[in-house]
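S.K.: So the chains spell out like this:
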Amino acid sequence: TQLLEQSPQFLSIQEGENLTVYCNSSSVFSSLQWYRQEPGEGPVLLVTVVTGGEVKKLKRLTFQFGDARKDSSLHITAAQPGDTGLYLCAGEGDNYGQNFVFGPGTRLSVLP
Amino acid sequence: ETGVTQTPRHLVMGMTNKKSLKCEQHLGHNAMYWYKQSAKKPLELMFVYNFKEQTENNSVPSRFSPECPNSSHLFLHLHTLQPEDSALYLCASSQRAHRGAGGSGANVLTFGAGSRLTVL
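Here the protein sequences line up with chains A and B, keeping their order. In terms of our numbering, the first sequence opens at residue 1 and continues consecutively. In terms of our numbering, the second sequence opens at residue 1 and continues consecutively.
One thing to keep in mind: the hints can contain errors.
Claimed, not checked - The calculated DSSO-like cross-link candidates involving lysine-lysine, where the alpha carbons are at most 27 Å apart (straight line), are:
id, chain 1, residue 1, chain 2, residue 2
1, B, 36, A, 70
2, A, 70, B, 41
3, A, 70, A, 59
It should be emphasised that the hints constitute simulated quantities derived from the structure, not laboratory data.
Generate the whole structure from the sequences, applying the supplied hints.
M.R.: Take a look at the structure:
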């Protein structure tokens with residue numbers, strides 16, 4: 001069974017600080033996605049990474065896929081209150097028939 | 001309408017009631033999913049449909065009954081639920097159900113806003 005772990009589970013920081021969230025597994029994934037979910041809403045896709053070692057930037061957010069395609073990180077520079085939410089990573093299995101597996105999420109709170 | 005639409009957004013039901021959740025996608029995707037999101041738990045996959053055919057039933061109790069009449073619509077019929085079934089039920093769609101099901105490129109999920117279910 002493929003599993004994804006995320007750390008930290010909870011993070012509360014002041015506006016302007018930097019932070020990194022991690023997503024780890026012992027399994028290989030063909031792709032990995034990061035989603036952000038706000039209270040009462042469904043998760044919204046932020047980015048998809050496919051190639052081992054790939055780095056993608058989305059404004060103040062930087063995403064990296066591990067070389068072995070087993071882990072990923074999300075770094076936020078100069079966090080803002082609008083970044084508050086639940087950050088979920090999800091991996092698509094590397095083999096036929098394997099579906100998406102989700103991590104438990106990191107709940108981020110950015111205080112003004 | 002664009003994206004994935006779920007109705008109702010909120011539902012309160014008794015343990016003996018029968019109700020249904022509805023999901024509609026306007027993205028031309030071939031796969032649709034039901035997920036359950038409970039407090040302090042990862043998203044739990046319940047059902048997967050690919051081209052209207054159920055391809056996965058993740059050991060879900062029979063009091064949850066899915067229906068997929070076409071690739072754009074997905075229902076979750078609920079009956080004799082338990083209080084522990086209270087959760088946010090999320091519908092999602094994607095271009096394909098899983099790696100190897102045809103198509104190319106990364107497969108990503110587009111979620112609806114969810115139906116918040118409370119069972120009394």
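S.K.: Against this structure, judge whether each hint is valid.
M.R.: Against the structure, the hints:
1. For a cut-off of 27 Å, the pair hint linking residue 36/B to residue 70/A stands: about 25 Å separates their Cα positions.
2. For the hint linking residue 70/A to residue 41/B, the alpha-carbon distance of about 21 Å falls within 27 Å, and the restraint holds.
3. For the given pair, residue 70/A sits about 24 Å from residue 59/A by alpha-carbon distance, which is consistent with the 27 Å threshold.
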